[in-house]
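One line per chain: the protein sequences are A and B, in this order.
Be aware that the first sequence starts at 1, since it is given in the working numbering, and climbs by one per residue.
Be aware that the second sequence starts at 1, since it is given in the working numbering, and climbs by one per residue.
You may find that some hints are simply not true.
[Stated by the list, open to error] Straight-line Cα separation of at most 30 Å, DSS-like style, residue types lysine-lysine; simulated pairs:
1. B/K171 x A/K242
2. A/K398 x A/K305
3. A/K305 x A/K204
4. A/K575 x B/K167
5. A/K395 x A/K305
6. B/K105 x B/K177
7. B/K124 x B/K141
8. A/K204 x A/K346
9. A/K575 x A/K657
10. A/K56 x B/K118
11. A/K204 x A/K65
12. B/K366 x A/K65
13. B/K141 x B/K351
14. B/K124 x A/K575
15. A/K71 x B/K177
[Claimed, not checked] Derived Cβ-Cβ restraints for the label pairs, each shown as a range:
16. A/N296 x B/P154: 42 to 48 Å
17. B/E485 x A/N296: 23 to 29 Å
18. A/I421 x B/P624: 35 to 41 Å
19. B/P154 x A/T410: 56 to 62 Å
20. B/E136 x A/E581: 35 to 41 Å
21. A/H573 x B/G588: 38 to 44 Å
22. B/P154 x A/K398: 55 to 61 Å
23. B/A620 x A/G555: 31 to 37 Å
24. B/G489 x A/N296: 24 to 30 Å
Quick caveat, the hints were computed from the structure, so don't treat them as lab data.
The structure presented is a predicted model; accordingly, all values stated were derived computationally and were not measured.
In this text, a Cβ means the ideal position worked out from N, Cα and C, and glycines have one as well.
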Amino acid sequence: MSRSVATAAIRGAHAIHRRAEEALREAVSSHGEAARVSLPDTAYYLPVIYSMLGLKVQTLGDMKKALARAKELLPEVPTDRLWLPYLGDALDAGMATLFAEEVIEALKYLDGGTPAEGIWLGATSDGILRTQGIKLVDGRMPGFAACVGALPSTEEAVRLARDLQERNILVFMAGGTDGTSMAEQLAEAGVEMNWDTFLVPYGKDITAAVLALGFAARSAMTFGGIQPGGLEEARRILLYNKERVMAFVLALGEVDDEKFATAAGALNFGFPVIADTAIPQILPSGICTFEHVVSNVPREGIAQKAIDVRGLKIKVAKIPIPVMYGPAFEGERVRKGQVAVEFGGKHAPAFEYLRSRKIEEVEDGGIEVEGPDVGDVEEASALPLAIVVDVAGRKMQKDFESILERHIHTFLSEAMGVMHIGQRDIIWIRISRDAAAAGLRLRHLGVILRSKLLNDFPAIVDKVQVTLHTVRERVEALLPEAKAAYAERDERMGAMTDESVDTFYSCQLCQSYAPNHICIITPERLGLCGAYNWLDGKAAHQINPTGANQPVEKGECIDPVKGKWVEINRFVHEKSNRTIESFSAYSAMDDPMTSCGCFECILAILPDANGFMIVNREYLGQTPSGMTFSALAEAVGGGQQTPGFIGIGTRYILSRKFISADGGLRRIVWMTREIRERLGEALRRRCEESGGAGLYDMIADESVTTDPAELVEHLRKIGHPALGMEPLL
Amino acid sequence: MRRTVDRAAEKVLDAAAGHAPATVWDRSDAMEPRCGFGDLGICCTICLQGPCRIDPFGPPGQKGCCGADVDTIAARNFLRAVAAGAAAHSDHGRDIAGTLLHAAKGEAGGFRIADPVKLAAIAKELGVDAGGLAPEPLAEKVALACLDQFPRAPLPFMNRAPEALRKKWTKAGLRPKGIDREIVEALHRTHEGVDVDYRNILLSGMRVALADGWGGSMLATELSDVLFGSPSPIRSKANLGVLKADEVNIVVHGHEPALSDMVARAAREGELLEYARQRGARGINVCGLCCTSIELLMRQGYPVAGNFLSQELSLLTGSVELMVVDVQCVMPGLADIANCFHTELVTTSPKARMPGVTHIEFDESKARLTAHQIVRRAVDRFPQRRRDRVNIPDETMDLVAGFTVENIFSNLGGTFRSTFRPLNDAIISGRLRGVAAVIGCNNARVTHDEGHLAMTRELLARDVLVIQTGCSATACAKEGFLRPEAAIGIAGRGLREICEAVGIPPVIHMGSCVDNSRILRALCEVVREGGLGEDISDLPVAAAAPEAMSEKAVSIGCYAVASGIFTVFSPPPRVEGSRNVCEFLTSGMEEITGGRFSFERDPLKGAAEMVAHMDAKRTALGLPPAMYGAETAAAAPVEG
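The shape of chain A in the complex, shown without the other chains (with noise of 0.2 Å):
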């Protein structure tokens, strides 16, 4: 920390905290202390308040409270000479600046008034924050980017905002220089503002900006599940951050005292500053990974500046088609009245195929439409579709088929204009007529598949070809090859037992937000998110070896029933950072395995029943246990052992070590349909086999109720085998 930046920033928070306090005074002596006060939906009080200190500020009253806190970290300004230190002083005085930040952007809330008007949004809702945190937290969004003041000229903003946008970066903007704002020049240049752009303006008040960082303190809380109490967790809070949320600060314009206070509070959770003006640099890390201040960055590369400095890793792909390309677009439904052609679902068979070949049966770089194309046929109507992708590589191996196959959805999910949903036979795919108009032809589906398999699996996947069929003929004549295929591939994995192996696979991709959580892939339960099985296990762990899918060697078995063995226990101590030290594969009572939040279905006890139910993600209505399926992820995610409820990927319910320790499927009162209809015959037959006739019929859908009382009434009824069985508590 630069001494005149440290003096900046200290004289800063002092400014803003009197500007809090006085704000504060005047509202208690309009409303009293007892006044409640709060940012809108959430759950998380004044996250950034409540993170660091676990005060929970509900009353005027509670405000009071933290910015006396606040008080207590303000700092002397340094001397001109003879200084003592004055980086931790910086450092707190920036954490004091963002309590009455956070003060005074509530405090705009008070008796139902809102910031929220014009361009800007004002404080974001828990809802939002699990739909778009989760993409910064696992990688899918690389970053955020908190840019507070304004660029000289509105044609600057725009590009700034483009560059940031290309990169799938995050834009929060808060506070102006010289009474403009960067929001309020994207506005004038006619820039759509909202989440789904990736631009979010908060507040034309500096102290706006704490809004972002309540957001990656909220983050922290919500996806590393990291609760708030002391000065330890909120330490954990901040290296969360500064490990995992790949955020920077960009402040344009001239830096004031008030924007150097704000920037030493984002220091302290990790996050660098990036300036296009010739403020005093702090190029040793330490608190950041890398510089904690960079200035007089040129604005044209200002962008890419901090990356660098942030330490983001981002693969520009430049994949030449003529749309947008990113996940920012990767959610984005094509509804009914904007498809220009569709392939699959109930309309049309289709099919998706990867497999491997030889290295000169593969000509790189071809792609081959056979059949009418897109623009080809009427709007709206619906096409056959196959799509074979072949694939060559020195280390290709026939086992990684079905994980490049599974990434298909992602890589053309991500085009703007391309909705595809489900996988291999059973998928749907969409073309909006904006990217049809916008020259989006079936061959740059083709184009997207072979730039991503080679850029994201360089090491395995040295050439690829894509055909696409759209001649129903075809398309039925190359099925089979297809259903064969993937029946090989289920049948390697069914006809394996967890006995018949010495080694499970671990699974750490989520740790980049469970931290605590880690997956035990066993042939017979895949993992809870239902795309990794242990075969998937075991080839990730091929192509990268010390990548996030580990071998774990059973050891000796402690329980057979229960599924526990010392070595895995050891090695989810360890992995788990010694939270959990014991773990049962086949029970959800007694040690459960702990959740990210990526679970397919919750699998929830029902005491009454004495049975468990069973929900998928898609679920949105009413459970017999109370509770809809976000309720219960609440309970079951974050890397925590709760017994009696666990999240499961939906195919391990067909496993004959489906909470066998439990009951099996004996157990299971309830499911919803969707689960029913998605496991279809598979579940009749897995029903006979274990509950004998009839179980498969006994199990209560929404159909019949969700109720807990109704229920208990109708499985006493039809005599569900779980009321007879051992009592679960």
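Based on the hints, put chain B in the right spot on chain A.
Relative to chain A, chain B alone:
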């Protein structure tokens, strides 16, 4: 040989030349030629059959009359020096523990628990069950747990060391059996006709020293923080100019913090200030010498008049009403000089009395009364001060002191991100080449302060952050190296970037000589923070005592080496008569703990060795070379 490079000291010496009593330098000159046998450590006076000596120029195989060879003789002499040094530090620690115990029981008038947070932290480390105890009863338990380290193992603070180092200690049999026990055993071992194997004797020396560094000294530091408050960065001044022409000057001297803390408090009291004014003084000025002074500096910012070789000079200014001394490094020559002025010299420790000198024994239960009595006596002397004999040099220098392991954490990361990471990162990136502890005494046989300053200046220019304690820190304080703005003039570019980022001086003052334990702890934290190896010996760090004088310094050198630190020690500790002993200390130890001595006398060559050592450690860790390796301080441009 030039006597001093300290301008203030030089002025006082010049003014006194010819008509003042002899000083340490005069007496040192009179000692020449010194006895070569003694100097080389090959004169044995252990039994009454001797003295025996080995002729360094004679044929090999010479023996003393009992048959002890040169290695045995040198090793035994060395071990006795280590044991004496360890005894001094540890007895100091014992006294602090005793004061804490009495304070806890309410039997030490005026002493209270100043840092209950640190008390709780130490209790946890010592395995003392805090169980909701109030500070006093907890302090009692902690004090007893510390006192229990004197007769027996374990020494729980050794658990602070990295695991790799602890394993080395266990493997080499270097785990002390108790602080007192090791000292007693060392004396037994060196009795005539006991241990003859020089390696065995020297290893015993390492064990005694570890009992000092990780035992006696460390508990002295920790309990002093509990009792007198943990330091935080603080401004003050150094050099003889801190003596005041119009105030009552009380100089505290020695090593212990307890009495001086009380004297400083008494001197602030209105009643005594009024008493001083009645006697024509504008106030009461408390300043100090050696480590007693540093204890007051670190915690309360009291000025430092000088280091070991300045003690007689402070009296020669004719401005000191009273000098109150406790233990260690108090020259007997002070009494002669005090007698030539109006100065009253007061001894306070039952362990340290002087014939013909006022003795006011320090009794903790009457600490406040004793302090009052001392201050009042000082004021009483003020009217006797002879203005015509007052010669206070105007040299003073600003400084920032008060660094500890705990506050380095918060200085680097603030309340919420308290961390050593910026320090580790600075080393890893090569902005800092490494960290050097330059510590130790003054020695009349080398030019006063020259070794400290020359070596420190060289290290700073080469991007080495310098940590200091004791008389070495005072030397650099007087020269201005402890001012944060000093980084601009004398630090290399990388070091300067760090100093500017954090707001620290390029030289970090960590306290008195028992506070070298803070340096050990800091190094453990650096290892724990990660990225720089697994053991202290992996770190690009080094230590030096370029003007070593006392047996305490010998003990400190040994515990540094036994903790894996490369240590330049000069003048050498009287072992040069034995090639084997020298070789064991300067290379054999490296195989055991990774640390070793160098006995290089030239401070610049010593600094070069330290720099080379850091570079070698950097290479071994796979780190890049120092970032601005080729640039010197003078060549580095100033930035932002």
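Going through the hints against the structure:
1. For the hint linking B/K171 to A/K242, the alpha-carbon distance of about 40 Å lies beyond 30 Å, and the restraint is violated.
2. This hinted pair does not check out: A/K398 and A/K305 have alpha carbons roughly 41 Å apart, beyond 30 Å.
3. Only pairs whose Cα atoms come within 30 Å are accepted, and A/K305 paired with A/K204 is accepted, the gap being roughly 25 Å.
4. With a CA separation close to 26 Å, the supplied pair A/K575 and B/K167 stays within the 30 Å bound.
5. The suggested pairing of A/K395 with A/K305 is violated, with an alpha-carbon distance near 36 Å, which exceeds 30 Å.
6. Taken as a hint, the B/K105 and B/K177 pair is honoured in the structure, with Cα atoms around 29 Å apart against an allowance of 30 Å.
7. Simply put, B/K124 and B/K141 have alpha-carbon atoms about 11 Å apart, close enough for the 30 Å limit, and the pair holds.
8. At most 30 Å may separate the alpha-carbon atoms for a hinted pair to count; A/K204 and A/K346 exceed this at roughly 49 Å.
9. Pair hint A/K575 plus A/K657 holds up; C-alpha atoms about 24 Å apart against a cutoff of 30 Å.
10. For the suggested pair A/K56 and B/K118, the alpha carbons sit about 29 Å apart, so the restraint of at most 30 Å is met.
11. Proposed proximity of A/K204 and A/K65 is supported: the alpha carbons are some 27 Å apart, at most 30 Å.
12. Our distance criterion of 30 Å between C-alpha atoms is broken by B/K366 and A/K65, whose separation comes to about 43 Å.
13. A hinted pair counts as satisfied when its Cα atoms are at most 30 Å apart, and B/K141 with B/K351 qualifies at roughly 27 Å.
14. Restraint check: the Cα-Cα separation between B/K124 and A/K575 comes to about 27 Å, which is no more than 30 Å; the hinted pair holds.
15. Using a Cα cut-off of 30 Å, the hinted pair A/K71 and B/K177 is violated, with the two alpha carbons roughly 49 Å apart.
16. For A/N296 and B/P154, the hinted distance range of 42 to 48 Å is not satisfied, since their beta carbons lie about 56 Å from each other.
17. For B/E485 and A/N296, the hinted distance range of 23 to 29 Å is satisfied, since their beta carbons lie about 25 Å from each other.
18. Judged by the Cβ atoms, the range 35 to 41 Å given for A/I421 and B/P624 is violated: they are separated by roughly 50 Å.
19. Distance hint for B/P154 and A/T410: a CB-CB separation of about 57 Å, consistent with the stated range 56 to 62 Å.
20. Taking 35 to 41 Å as the suggested C-beta distance range, the pair B/E136 and A/E581 conforms, at roughly 38 Å.
21. The supplied range of 38 to 44 Å is met by A/H573 and B/G588, whose beta-carbon atoms lie about 42 Å from each other.
22. Here the CB-CB span from B/P154 to A/K398 is close to 59 Å, well matched to the stated 55 to 61 Å.
23. At about 36 Å, the beta-carbon gap between B/A620 and A/G555 stays in the expected band of 31 to 37 Å.
24. At roughly 26 Å, the beta carbons of B/G489 and A/N296 sit within the given window of 24 to 30 Å.
Going through the hint list in order, the structure does not satisfy hints 1, 2, 5, 8, 12, 15, 16, 18.
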